[in-house]
Amino acid sequence: MAIVQFTRFKSDKPEEMIKTAKQAKAIFEKHGAEFLRLSRFHTGMWAGEFLIATRYSSWEVYGKVQEALAKDEAFTKLYAHTLTFAELKGRNIAVGIDL
1 MAIVQFTRFK SDKPEEMIKT AKQAKAIFEK HGAEFLRLSR FHTGMWAGEF LIATRYSSWE
61 VYGKVQEALA KDEAFTKLYA HTLTFAELKG RNIAVGIDL
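Residue numbers (this note's numbering): 1 to 99.
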């Protein structure tokens with residue numbers, strides 16, 4: 001049962017979003033996330049916004065990663081920097097259903 005967290009940001013600085021997401025990817029995966037991916041909406045009500053999706057193998061792993069991120073100085077600095085050029089618009093968590 002995979003846990004996927006979706007986080008949307010609005011920013012008019014795509015190059016900075018990509019640079020920051022690359023740095024975040026290394027941090028998240030170091031702490032146990034299966035992946036971090038960056039996408040940009042091209043249609044719909046969120047057109048132009050960015051979506052960061054991170055996936056975890058279980059709730060246990062999700063919790064461990066979140067706890068590690070809270071203690072990670074590099075992540076804290078990176079997130080603070082992100083908020084200087086991007087606005088957090090929303091965050092959702094989806095739980096996979098094994099078929």
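Any given hint could turn out to be false.
Calculated pairs, DSSO-like style, for lysine-lysine (alpha carbon to alpha carbon, straight line, at most 30 Å) [claimed, not checked]: (1) K71 <-> K30; (2) K13 <-> K77; (3) K77 <-> K89; (4) K25 <-> K10; (5) K71 <-> K13.
No lab work stands behind these hints, which were simulated from the structure alone.
- Query: Which numbered hints turn out to be false for this structure?
  - Reply: Checked against the structure, no hint fails, so every one of them is satisfied.
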